[in-house]
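Residue numbers (the numbering used here), protein chains in the order written: chain A, 1 to 495; chain B, 1 to 148.
For the record, the hints were derived by calculation from the structure and aren't laboratory data.
Possibly wrong hints are sitting among the right ones.
The calculated DSS-like cross-link candidates involving lysine-lysine, where the alpha carbons are at most 30 Å apart (straight line), are [unchecked claim]:
#1 A:K315 x B:K25
#2 A:K135 x A:K83
#3 A:K135 x A:K76
#4 B:K91 x A:K315
#5 A:K326 x A:K344
#6 A:K315 x A:K393
#7 B:K91 x B:K9
#8 B:K9 x A:K326
#9 A:K326 x A:K315
Partial selection, computed: residues in chain B whose CB lies under 7 Å from chain A [as the list claims (entries may be wrong)]:
#10 R92
#11 T100
#12 V119
Glycine included, C-beta positions come from ideal geometry on N, C-alpha and C.
The residues making up each chain are set out below.
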Amino acid sequence: MNRKSIIFRSVPLFLFAGAILLLALVLSSLHFANLTSRNANEALDAARLNSRVMRLFSLVQDAETSQRGYLLTAEKRYLAPFKRAEALIPLHFRSLLPDFQSIALSPVTINRLDTLIKTKLVELRDTVELKRLGKAGDALALVESDQGRQAMEEIRQILVRIDAITDNTGFVRLSALTQATRLLLISITGGAILLVFLVGGAVALIFSHSRQLEKAGDALELQNETLEQKVRERTRFLERANRELQSYAYIVGHDLRAPLVNIMGFTAELERASGQFADYLEANPLPDDPTAKAAREAVQEDVPEALRFIRSSMKRMDDLINEILKLARAGNRHLQAETLELSKLVAESAATLQHRLDGGNAVVTISPDLPTVVSDRLALQQIFGNLLDNAIKYADPSRSPLIEVFGEVVGEDVTVTVRDNGRGIASQDNERIFELFRRSGRQDRPGEGIGLAHVRALVRRLGGDVSVSSVLGEGTSFYVTFAADLRRAKKWGEQ
Amino acid sequence: MINTARPVKIVMIEDDEGHARLIEKNIRRAGVTNEIVAFVNGTEALAFLLGADGTGSEHVGKTLLVLLDLNLPDMTGMDILARMRDSAHLKRTMVIILTTTDDPREVHRCYDLGANVYVPKPMQYEKFVNAIQQLGLFLSVMAVPEAK
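Work the whole structure out from these sequences, hints included.
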C-alpha cells in the first residue's frame, strides 16, 4: 500500500516532466519547421536568381544576334529584338543588384559586369548606327576590332561564376533543408511517442484515482449505513423503553386502584358501623365513668378524625393514580400529524385560560411569526396550555404578569420559547421540575407535580425535548423544541 | 319481582376478596336476596360455568347472571366472556363487567365481545355504593334469559 502510494504520488511528477519535455519537443519542431521553410525559401531564391542571370545573358545574346542579323541583311525588322533587349537589359540588371549583394558578389565584379554590359551595348549600338548610315565597312571594322567579342566573353565568364555560386547556394540550402526535415520528423515522432505515453499515464492516473474515489465512497457509504443502522437501533431501543415505561405506569396505576377500592370501601363500612354505634350511644347514654367517657370520645371524635385523614389521604392517592393513568394514556395515544399554524394554536390555548389572565391582569403576547408545523394538535395544545398555565400560576405578585411566546425554525426542528416575568425557579431545580410529582419553590399553589412531566413526555413524543432557563425572582423561559414535520420524525422511530 | 319459579343465581367472579365482600354487602343492602356463588379465579369459574362436559349444558333451564371482573390472576375476564359467548348454552347469559378499568378501549372491547353491561368501579366510595345498589335494583327489575 505504501510503496504503491509512493508510485502513484510520483505519477503526477512524471506527467509534469513529460509535459515539459513535450513542450520542448513542440518548440523544437516549430524551430525545425521554421528552419525547413527558410532553407526551402533560400534554395528557391537561389534557383530563381540562377534563371534570372541566365535571362540577362540571353538578353545580351538576343541583342548581339539581332545586331548580326541587321548587319547581314540591313533589314530593319531584324533590329526589333535588339531594340527590346537594349531597353530591358539595364532594367533587368538593376533588378538583379540586390540579389548579387545577397550572394555576396563583390562590388568590383558587379561594377565590372555593369561596365562590360554597357560597353557591349555601346559597341552594338555603334555598329548598328554605322550600318544604318550606310557605312557597312566601318561597322564591320568595329566588329572585327574584337572589342565586343571580348566583352561578351568576359560577361559570360562572370555570369558562369554567378551561376556556380547560386548553384552551390541552392545545393547547400537543399541539404540543410533535408537535414531540418529529418530533425523535424524525429522531433514529431518523439513528440507523438511521448504523447502516447503521457496520455497513457494520465488515463492510468485517472483510472487509479477514480478507483480510489470509488473505494472511499463505498467505505463512506458503508459507514453511513452502519451509523444509520445504529441510530435506528438506538431509536428503536428508546421507543421500546418508553413504551415499557408507559405500560409500567399504566399497570402500576391500575393495580394500585384495586386495593384502594377496598380501603375506601371498608373505610366507608367502618364509618357506617361507627355511625351506628354512635347512634346507639346517643339513644342509650352510658353511665358517667371514665371508661364510658373514653368510649364516647373514641366513637364521636377519634374514629371520625381517623376516618377523615384516611379519606383525604385516599383522595390524594386517587388523584395521583389518576394523573399517572392520564400520563400513561397520553403516552399510548396515537399521534395525528396535521398542518398547524402555531401562533393560532397558542392563541387558542391562551384563550382557554382567559378567565385566569383577566384575574391577574396578565398580558400574553404571541409572536405572529411562529412557524407552521406538521404535528399533533392535542399534544401541542396540552404542552402550551400547561406552560401558559404555569406562567400564570407562578406569577410574581409584585408585578403584573407578562408572558411572551416566540419561536423559530432550526433545521428540521422548531423551537418555541415561552418566557414569563414570574417568580423564577432556583437553578438546582431546573431538571427536577420535569420529574413526576416534583415541585419547586414555595408550595403555595395547588398542583400534583404532573404538568411539566406531562409536557416533557409529550414533547419527547413529538420528536424533541423541553428545557428551561430561569433567574430566581426575575422570570423563566421554557424552550420547547420539536420536529417541524412529525411524519419524518416518526419514520425514524418506527422503522 | 325476580322470577320466583326459577330464581336467578348470581355468579360473581372476582379475585379481590375485599371487592367481593363489598359488592355482596351492597347488593344485599339493595334488597337482592338471590343466591350468590363467588369465584376468586378464572379457572374455577369456567369449570363451574361450562360444567364437566365443557359445553355449559348443566345450566340448561336455570337462570344465571355473571358479575365479571376483568383483572383475574390466571386469565382476563375477556377470556371468560369469549368462552361463554362461544358456548351454545351460555351465549345469551347476562354478563355484567365490573372492573377498576375505565379505559374506553377496554370498554369497547368488552361490548364487542358481547358484554351486556359495563360498570367501572368508581373510586369515590359513595359512587361505588350507588353503582352497586343501582345494579341491585336493576337486577330486581330486569328479565334475565335462562340458559337453553
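Checked hints:
{"no.": "1", "hint": "A:K315 x B:K25", "in the structure": "23 Å, holds"}
{"no.": "2", "hint": "A:K135 x A:K83", "in the structure": "20 Å, holds"}
{"no.": "3", "hint": "A:K135 x A:K76", "in the structure": "15 Å, holds"}
{"no.": "4", "hint": "B:K91 x A:K315", "in the structure": "40 Å, violated"}
{"no.": "5", "hint": "A:K326 x A:K344", "in the structure": "26 Å, holds"}
{"no.": "6", "hint": "A:K315 x A:K393", "in the structure": "23 Å, holds"}
{"no.": "7", "hint": "B:K91 x B:K9", "in the structure": "16 Å, holds"}
{"no.": "8", "hint": "B:K9 x A:K326", "in the structure": "38 Å, violated"}
{"no.": "9", "hint": "A:K326 x A:K315", "in the structure": "16 Å, holds"}
{"no.": "10", "hint": "R92", "in the structure": "30 Å, violated"}
{"no.": "11", "hint": "T100", "in the structure": "4 Å, holds"}
{"no.": "12", "hint": "V119", "in the structure": "13 Å, violated"}
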